[in-house]
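Undergrad: Spelled out from the first residue to the last, the chains are:
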Amino acid sequence: MNNIHSFTKVILSAIGIFFAIRIISQMLMPLGLARMNPSLESVAIAIAATLFFGLCLAVICYAFVYKREQLAKRIIGTNELPEADSQILWLPAAFRLICVTAGLYCLYAVLWNVVYNLMQYFSFKPDAAQSGYKVMYTPKILNIEQILSWLIMLAIGIYLVCGAPHFVRWQVRKTLKQCKAFEKIRQ
Amino acid sequence: MTKMQIFAKTVFTVLGIYAVVTLYRFYPGRYAYRPDETPIFQELVLLSAFTAVVGFIVYFTVLNNTRLSSKLAGPGPLLESATQAAWLAKSLRVGLVFIGLMLLPNSMPVIVKTLKLFFLIRTTVNDIVISKSIPRILERSYREWFNVLYDFLKALLALYLICGAPHFIRWQIRHTLGQQANKTGIQNPSIKKLKKEPK
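Taken in sequence, the protein lines are chains A and B.
Here this note's numbering is used: the first residue of the first sequence is 1, the next is one more, and so on.
Here this note's numbering is used: the first residue of the second sequence is 1001, the next is one more, and so on.
These are calculated hints, taken from the structure and not from any lab test.
Just so you know, even glycine gets a beta-carbon here, dropped at the ideal spot from N, CA and C.
Any given hint could turn out to be false.
As the list claims (entries may be wrong) - Below, computed lysine-lysine pairings styled on DSS-like, alpha-carbon distance capped at 25 Å:
(1) A:Lys174 with B:Lys1154
(2) B:Lys1003 with B:Lys1183
(3) A:Lys184 with B:Lys1003
(4) A:Lys177 with B:Lys1183
What the hints assert, rightly or not - Stretches of chain A that chain B covers, calculated by requiring three or more beta carbons in the stretch to come under 8 Å of a beta carbon on chain B:
(5) 38-46
(6) 92-98
(7) 144-152
(8) 165-179
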């Protein structure tokens, strides 16, 4: 176990706790929205959304807090690395960590947007007397731009959570190139 | 500079950028209850005052954060000038890419809308030429235009930061090393050469 592993473990725990807090704070929101218009559909969606949030919470706590050592090993590689005196060693690890964090944030944003919009749609589902709501909320749900942006965000989120290998390689290469350029100038 | 000072500098830069984005997001003029009744002069004064406060924050957290970071990090073993530049470049890049990636989810709808605009340009120009009236897509109040501009600039900033913000990092290194040279009284000619990165 070296410094990079310890640092990665701490960061992973922090990421897990951060997202757990965010999910817990918004877990009961669907139920609150369902209370505004307690139809069968809205209650069913609210319960499903709350259960889904709970499942996400469990997965995040399991992966980022309980199994953080294994995750750190997967991100850094072997734990028999030499101490990180060389500046190059920590760079891919740092980029991979920020990619995983940003990926989780992306997935969280997609989840939040989808659940929020669906809940709004079903909570304000129009009846004969409330046709105005249909006009107000339908375009937001069926907007092709919004659905497209959710899909792109979902794809980016999954790619980033997987460690974004191409992006990390590209960033490391560019960073080292920039540093070499500085060194050349200074010599 | 020490390693911790460089780390603190990166944290200040990231927090400064995040503060600017968040402050303009909650700018009171964006969400006025009765927007049509606010005089334009009052709006301009409010925007100028707000921008001055944001500018102050940017100056001390992003542009000139060496003193703050050295106070925060405290003393430690000093790095050589070349090592310092390398550490600064790497840590700033990691920090800036991070903040860029965090800004991306909220900017995605704007990026998609901007891409969609390319398909709408022809129709919009046709509408203007044929009917000689402003198309509906351009009929917005100045408050809505402010929101559009904010979202667009935020998306641009996110993309620039994800690309690693090379110009900003170059400028920041030149600025920091220049400040140190002034402090110690040793003029380093290589700092001027950092203005343009060689191929």
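Undergrad: For every hint, state whether the structure bears it out.
TA: Structure-based check of each hint:
| no. | hint | verdict |
| --- | --- | --- |
| 1 | A:Lys174 with B:Lys1154 | 23 Å, holds |
| 2 | B:Lys1003 with B:Lys1183 | 19 Å, holds |
| 3 | A:Lys184 with B:Lys1003 | 22 Å, holds |
| 4 | A:Lys177 with B:Lys1183 | 29 Å, violated |
| 5 | 38-46 | violated (count 0) |
| 6 | 92-98 | holds (count 3) |
| 7 | 144-152 | holds (count 5) |
| 8 | 165-179 | holds (count 5) |
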